[in-house]
Amino acid sequence: MSEHGGPAGADGVDGGRGHAYDVGQMHDVPGAKGGESHASTRPHLLAAGATGARCLESVLDAGQGQHLSKDVLWRFMTGGLSAAEMRSVFGHLLRGCASCRAQAREVWNIPLPAAIPPVSKDAAAATVPRPAGALETAGQPVSTLTNASRHPLSPPQAQGPLNAPVFDATSRPEATPVADAGSPNEAAYDPVLDRVFSRIALEEAGIEVARRHADELFEELMHHPPARQQLLVHNSARFRDRMLCERLLAASHDEGFREPAMSQQLARIAVAVAERVADAFPETTLESSAPAQSDALAGLRARAWAQLGNALRIGSDLEGAATAFRSAEALLAANPRLGLLDKARVFDLKSSLCRDRRQFAEAARLLDRVITIYRRLDLPNLMGRALAQKGLLVFSTRDVEGSMVLLRRALELIDPHEDPRWYLIVRHNLIWALVDDGKPREAFALLFHTRPLYLKMGDRMNLLRLRWLEGHVAQGLHRLEQAEAAFREVRDAFVELGIEYDAALVSLDLAAVFAQQGRTTEMRELAEEMLVFFEAHQILPEAMAALLVFCNAARMEQAGLALVQEVAAFLKQARNAPDLRFAPRR
Amino acid sequence: MSAPNTSAAESSLEHFLKSVRPRMKTLFAHFQVPPQDTEDIVQQALLALLYQRQEIRDPEAWLMGTLRNKCLLYWRERRRKLYDAVDAAALEVMAEPMAPEQEGADVRRDLEMAIERLPERCRALLSLRYSHGYEPPELAKRLGYSPTSISKTTNRCLAALTRELAHLAMTGLGRKKTQ
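One line per chain: the protein sequences are A and B, in this order.
Every letter in the first sequence is one number past the one before it in my numbering, and letter 370, counting from 1, is 375.
Every letter in the second sequence is one number past the one before it in my numbering, and letter 145, counting from 1, is 178.
Incorrect hints may appear among the rest.
[What the hints assert, rightly or not] Computed list of lysine-lysine pairs in DSS-like fashion (alpha-carbon distance at most 30 angstroms, straight line):
#1 B:Lys114 with A:Lys75
#2 A:Lys577 with A:Lys461
#3 A:Lys75 with B:Lys51
#4 A:Lys444 with A:Lys461
#5 B:Lys114 with B:Lys185
#6 B:Lys114 with A:Lys348
#7 B:Lys174 with B:Lys185
#8 A:Lys444 with A:Lys348
#9 B:Lys174 with A:Lys577
#10 B:Lys114 with B:Lys174
[Stated by the list, open to error] Beta-carbon label-pair distances, calculated as ranges:
#11 B:Asp91 with A:Pro589: 46 to 54 angstroms
#12 A:Met267 with B:Asp117: 44 to 52 angstroms
#13 A:Pro341 with B:Arg86: 23 to 31 angstroms
#14 B:Ala94 with A:Pro196: 24 to 32 angstroms
#15 B:Arg86 with A:Glu447: 48 to 56 angstroms
#16 B:Pro92 with A:His483: 50 to 58 angstroms
#17 B:Glu171 with A:Gly407: 33 to 41 angstroms
#18 A:Glu367 with B:Arg113: 25 to 33 angstroms
#19 A:Pro457 with B:Arg86: 55 to 63 angstroms
#20 B:Leu106 with A:Ala255: 46 to 54 angstroms
#21 B:Ser179 with A:Pro196: 42 to 50 angstroms
Just so you know, the hints here were simulated from the structure itself, not pulled from any lab data.
Yeah, the Cβ is synthetic: ideal placement off N, Cα and C, and Gly gets one too.
Generate the whole structure from the sequences, applying the supplied hints.
Following this line, the structure appears as structure tokens:
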């Protein structure tokens, strides 16, 4: 394997440009001895002190007429040598060897020195990076070092090393290698593609079998208690299975919606499996596919840690979640060639943690990266999901208008047939935002068309959320009797299911209806019921404190709509931020 | 039951690979990635496709997007190596205590001349780096750049310096002035 990660056994693909480059790949240039040889040149920039330079110089000193080959020059300019080799080649060029200069001019397609005008500082200024926040301006080409178009063999729109975006920050054309030095024709890729395709076909054949096997392992694992599961994963080689890890991650994700504790347990096992698979990696992988497999495993580990972080977040262990995400991010940093989908998954889950910690700017930045990745990979469904999450994030910052724009864009991208759950989530959030934005009629119309989706999903939680939303829309339309009926129904169901927090929130919605109607007696009764229920159940201390403020005011028949809304808003925020403190305005 | 399914999956994959092959070759040729270096790129992308196929709606679009991105990353890594080499070489020159006086003066003059030809902001940044040994975080603080963007800024300045040094190396302009 080369130092840049090329696969072993790829040598000879393009004839003389063998894969494993040896710095001794220098050739004799006829007449060089009589001309400007190394011995006759002055000391060069990098000769002293550099190990690679000493290595190169020993070859040069021995041969006297030896110079850099086209291949070496090409590899130098495209970063294909080791650091020491690059320094030594650079030193050799600066030494002023006429033969190598001529060679380099040819390989890099550089015009003769006479054609080189001085650099214009004004034009060059356009290429200068500016401090953060400053805008870049379009620049003029400043160096004729790099006039690619002059060479008849240079590809018209080549995207190689010398005119790539970073090197060419202001569309300055760079030297383009001539075809025989660096531009392979399309046929040269056939042998490589044949090799990879045959390996992938083998992998594909085994993948279905591996999935079924993973399902069996998963079922087997689930029959044991959590401690035993960990033991099995650590001690039994059978459970060092990548597909099993994928299966555990999917299961942990699904459980996050239903049972956070189970989601955490599955994520912990997934992390253990991923780490064990990575430990066993060199023994179980063919050498030829090692680099790609290594990156894929790093991606799997990163996703496993991120899933654990997400499960901990859902269980309100924000510190534990942050620690798990640090492990995931360390893997991303250590493996820059990691797949974009793996990166997007980690950023996506991390953004939820940032949102819960009220780090809204960081959450938005991460979601923007996720959206960019999905756009680049042309994955509209996933892009729609990310936009929906950003919509929710923006909603948290009270920017209802901005939230609705994002949610509508998300709806355009999510396919309701392919991803009905997400489609419904986005519609639900959009309807809620429309009511909050004072557009209950629009919300009502959208709800009418969305109701069949809730019914199709069918599960009780979705139907309760539909009923809650119906109450919210009815309240927006001032149909307070309908709203009251809906809120009572939902509240009773949440109490029955033991979902205390949502019960508190819907109780406050009901209190708001009473406040709008001036029904202080009913509000007092409701407050008494709430107090009895929430004192008997565990609820966040700060949320309880806020509820007590409301209950006390209701007992004294002093709880107005403003106080109800204030307490409800606090409860929504405090749900994911237990450190928040309630401070009533009056 | 499983055999027909597997063979169907295989033929579907075979068909898919056959259909994307011309586009892949065109893409690699367009990016001028040496054939021997494409093996990892293709394999990694196709493995990811296999393992995450359920999440991918349009495999061809996804694959081409992924490959394009990997080609860009490939060249980015290569460029970084070039800039790192130039940076390390320049730091060595400026820190070299053992070189003979005339030799040291020549190479330093080459470097200074190259830096002189750069735009003002790059001159300031590289002078601080090579004359005073500032590390990127110190450069960010001193020059008012954001700490998160300083490495990108330094890379751009190194890119500019590389071009100028290559220019000097090719033309011998620096030498002519000193001789």
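Going down the list of hints, with the structure as the test:
1. B:Lys114 with A:Lys75: 19 angstroms, holds
2. A:Lys577 with A:Lys461: Cα-Cα ~28 angstroms, so holds.
3. A:Lys75 with B:Lys51: Since the Cα atoms of Lys75 (chain A) and Lys51 (chain B) sit roughly 35 angstroms apart, the hinted pair is violated (cutoff 30 angstroms).
4. A:Lys444 with A:Lys461: Distance of about 26 angstroms is within 30 angstroms: holds.
5. B:Lys114 with B:Lys185: The given pair, whose Cα atoms are some 14 angstroms apart, holds under the 30 angstroms limit.
6. B:Lys114 with A:Lys348: 24 angstroms, holds
7. B:Lys174 with B:Lys185: It holds: about 15 angstroms lies between the C-alpha atoms, which stays within 30 angstroms.
8. A:Lys444 with A:Lys348: 38 angstroms, violated
9. B:Lys174 with A:Lys577: Status violated; Cα separation ~41 angstroms.
10. B:Lys114 with B:Lys174: Cα-Cα ~25 angstroms, so holds.
11. B:Asp91 with A:Pro589: 46 to 54 angstroms: 53 angstroms, holds
12. A:Met267 with B:Asp117: 44 to 52 angstroms: 48 angstroms, holds
13. A:Pro341 with B:Arg86: 23 to 31 angstroms: Because 24 angstroms falls inside the window, the suggested range holds.
14. B:Ala94 with A:Pro196: 24 to 32 angstroms: Because 26 angstroms falls inside the window, the suggested range holds.
15. B:Arg86 with A:Glu447: 48 to 56 angstroms: 39 angstroms, violated
16. B:Pro92 with A:His483: 50 to 58 angstroms: 51 angstroms, holds
17. B:Glu171 with A:Gly407: 33 to 41 angstroms: Holds - the Cβ-Cβ distance for Glu171 (chain B) and Gly407 (chain A), about 39 angstroms, lies within 33 to 41 angstroms.
18. A:Glu367 with B:Arg113: 25 to 33 angstroms: 26 angstroms, holds
19. A:Pro457 with B:Arg86: 55 to 63 angstroms: 30 angstroms, violated
20. B:Leu106 with A:Ala255: 46 to 54 angstroms: Because 28 angstroms falls outside the window, the suggested range is violated.
21. B:Ser179 with A:Pro196: 42 to 50 angstroms: Given about 46 angstroms between the Cβ atoms, the range holds.
Hints 3, 8, 9, 15, 19 and 20 from the earlier list are contradicted by this structure; the remaining hints agree with it.
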